[in-house]
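Student: The residues making up each chain are set out below.
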Amino acid sequence: MKITAPINKVTETKALIEAGADELYCGVYHDKWYSIEGRPNAKPSSRSSLKSFAELQEIIKISGTYNIPVFITLNAAYNQKQSFELIKEDLKKAVDCNVSGFVVASIPLLREIRKISKDKPLILSTMANCFNSEAVSYYKDLGVSRIVLPRDLTISELANLRDELKAKKIDMPLESFVLNLTCRNVNGYCRYHGNKYHPASKVLSVRILRKIRGLLAYSPPKFYLNKISVIFKKYRDYNEKIQPCLLKYKANFISCKDKSKEKVFPFWIGEPYQAICAACSIFYLREFGIEYLKIIGRWLPTKVKIQDLTFISSLRNILNERSMDFDEFFKKGQENYRKTYGRNCKLSECHYASFIQNKLNPDNER
Amino acid sequence: MKDNRISPIEKGIRVFDLSNPEKFDAYDRLYIGDDSCERLVPESTKLEAILMYARKNNKRISLLTSYYTDKGLKNLKIILGILNNSGSDIEVVINDIGVLKLLNSEYKNIIPVYGALSSSSFLHPYANFKSGCQGISSSERHLLAKEVFDFLIKNNFKRVEFDNITSIFLLADSFISKGINVSFHYPFTFLTSTRRCLFASRKSISSKFALLGCNKECLNYRLILVNRNLGHKIFVRGTAQYMRKKAKNNLSDICRDHGVDRLIRSKA
Numbered sequence: 070m071k072i073t074a075p076i077n078k079v080t081e082t083k084a085l086i087e088a089g090a091d092e093l094y095c096g097v098y099h100d101k102w103y104s105i106e107g108r109p110n111a112k113p114s115s116r117s118s119l120k121s122f123a124e125l126q127e128i129i130k131i132s133g134t135y136n137i138p139v140f141i142t143l144n145a146a147y148n149q150k151q152s153f154e155l156i157k158e159d160l161k162k163a164v165d166c167n168v169s170g171f172v173v174a175s176i177p178l179l180r181e182i183r184k185i186s187k188d189k190p191l192i193l194s195t196m197a198n199c200f201n202s203e204a205v206s207y208y209k210d211l212g213v214s215r216i217v218l219p220r221d222l223t224i225s226e227l228a229n230l231r232d233e234l235k236a237k238k239i240d241m242p243l244e245s246f247v248l249n250l251t252c253r254n255v256n257g258y259c260r261y262h263g264n265k266y267h268p269a270s271k272v273l274s275v276r277i278l279r280k281i282r283g284l285l286a287y288s289p290p291k292f293y294l295n296k297i298s299v300i301f302k303k304y305r306d307y308n309e310k311i312q313p314c315l316l317k318y319k320a321n322f323i324s325c326k327d328k329s330k331e332k333v334f335p336f337w338i339g340e341p342y343q344a345i346c347a348a349c350s351i352f353y354l355r356e357f358g359i360e361y362l363k364i365i366g367r368w369l370p371t372k373v374k375i376q377d378l379t380f381i382s383s384l385r386n387i388l389n390e391r392s393m394d395f396d397e398f399f400k401k402g403q404e405n406y407r408k409t410y411g412r413n414c415k416l417s418e419c420h421y422a423s424f425i426q427n428k429l430n431p432d433n434e435r
Numbered sequence: 005m006k007d008n009r010i011s012p013i014e015k016g017i018r019v020f021d022l023s024n025p026e027k028f029d030a031y032d033r034l035y036i037g038d039d040s041c042e043r044l045v046p047e048s049t050k051l052e053a054i055l056m057y058a059r060k061n062n063k064r065i066s067l068l069t070s071y072y073t074d075k076g077l078k079n080l081k082i083i084l085g086i087l088n089n090s091g092s093d094i095e096v097v098i099n100d101i102g103v104l105k106l107l108n109s110e111y112k113n114i115i116p117v118y119g120a121l122s123s124s125s126f127l128h129p130y131a132n133f134k135s136g137c138q139g140i141s142s143s144e145r146h147l148l149a150k151e152v153f154d155f156l157i158k159n160n161f162k163r164v165e166f167d168n169i170t171s172i173f174l175l176a177d178s179f180i181s182k183g184i185n186v187s188f189h190y191p192f193t194f195l196t197s198t199r200r201c202l203f204a205s206r207k208s209i210s211s212k213f214a215l216l217g218c219n220k221e222c223l224n225y226r227l228i229l230v231n232r233n234l235g236h237k238i239f240v241r242g243t244a245q246y247m248r249k250k251a252k253n254n255l256s257d258i259c260r261d262h263g264v265d266r267l268i269r270s271k272a
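Here the protein sequences line up with chains A and B, keeping their order.
Just so you know, we're using the numbering used here here: the first sequence kicks off at 70 and counts up by one.
Just so you know, we're using the numbering used here here: the second sequence kicks off at 5 and counts up by one.
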């Protein structure tokens, strides 16, 4: 099993490779994307991505010395004419940088890539919502060489998918998320993800106006113009971070029969936590023949990325060293979690909590 | 002016069962199934009863489909088999590429329709006319790429469905000019979908991380979520979350003006 790790800074390349990354993936969010509809990849905030293709080239140069491939994520929808034209430009630049392959979600873009670059591997992003073997077969026909599975599939559904693919004789390498799964909604269908028009931004705009007013009063013209553009960029990033799924709600459950109301507060529709972990699933992923383990978290500090890589590669090494049952692996996993992060792992931060519980206490199975 | 702009608008309604059939009198088309949860595929006996009712009362049928795991797809195939043998004007609203593959390969009598969940990626539900800026009009800013239409045409889509009124103003014309008809679902605009059922977890918030078993609680409850900062309520139906986006003028007039030839009403 290979580990695919996120990167968003040139300076962290060497450290991530030395911590155990077998592949790197990144996005490029340059200035042109600020002025049009759409975004260059699935990550809403520009701080998750590199700022230019020069940075990408630098990363490819460093990783090349270690023989580590670098993939670029072009996994937004690009339905608008402007964004499609711009992503085509980016695509050519990425090919010029000699990127190892592309992580893509849009079918029109898959076709476009095949026109420009016939031999580069195409990885289907989780944003494409590939839930079943029929969809895998469709994408295989389009030239996709690996599929990142939706994080919403349960372990038994993953097993089922693998069985169906075997039965249909579809040979397709699969990739699954193992760490920092923060989202509860189906990524490819979620319109909370990366919106620019969120109503809560009205609250923020008052703060922005105050800042600008302050600058106008105390700063010379050239200086404040530069400052304003910086503030607007920050504002946009901040605005995109406020997703409706991270808010706390008052929930009213209304019975259809007697119209009685049941109120629940606070009610979360997203994950208020950041580091949802699916590391123990590696045991089963290996059994199902899933070849690639993906770590999420392009936006995270280098220190955390290194911790994540150390943790996941330690678990993989445990499985490679000798065969064991799940109970033993789970205990080793907990031990390594404690060693790496300096705290115990919690069931509340476990992506497959009910599955793990059932495996450890089969008597409680529902 | 195109022909479809002066022809009457076809009216559709989402139907779960035939408990109150008189409610459907005013509608020409029945939308069955659900477009957000694979567990809400209609049972074959229920489907056959609806098909019989539709034949008797001269109603047309569309099946809403969601995204499916292989297990869900097996259940769906039974329904698709029945629909494939039930006439030539039956539509299936597609929101999963796997279902499209199935239809184009095995169920060729069924007409594929591009669903509202998928088409919501064409225009963000929060997008409005003001989102045009920097000297570019919002219709120009949201103009769709030629490749999007190529994809739809190549995959035999003759109809696309929207549930966002802004899409009617900004996008409907471009589809109609390419020969693709446009339907509009009201009054809810799709926001997101999850596989962790909010209804099933209502009694046990502590187990919110678990993928819970399904007792179809969503059919017995409605869920409305309120947060003042958000500026609108969230309506949860099945596993999908919606907002209510009202049109300022008469909806039928707007649709007629923009060439939309079908209006579908959905209950909360």
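Check each hint, because a few of them may be wrong.
With the C-beta cut set under 7 Å, the calculated list includes, among others, these residues of chain A facing chain B [what the hints assert, rightly or not]:
#	residue
1	D91
2	N148
3	K150
4	I176
5	P177
6	V213
7	T251
8	V255
9	N256
10	C259
11	I323
12	D327
Result set (DMTMM-like, lysine to aspartate or glutamate): computed pairs, CA atoms no more than 20 Å apart in a straight line [to be verified]:
#	chain 1	residue 1	chain 2	residue 2
13	B	K78	A	E181
14	A	K326	B	E144
15	B	K150	A	D232
16	B	K158	B	E221
17	B	K158	A	D210
18	A	K184	B	D154
19	B	K81	A	E181
20	B	K182	B	D154
21	B	K60	B	D21
22	A	K161	B	E151
23	A	K150	B	D154
24	A	K150	B	E110
25	B	K150	A	E154
26	A	K157	B	E221
27	A	K238	A	E356
28	A	K187	B	E221
Everything labelled a hint here was simulated from the structure, so no lab data went into it.
From the three backbone atoms N, C-alpha and C, an ideal C-beta is built for every residue, glycine too.
Student: Honestly, which of those hints from before does the structure not fit?
Tutor: 1, 6, 7, 9, 12, 13, 14, 15, 16, 19, 24, 26 and 28
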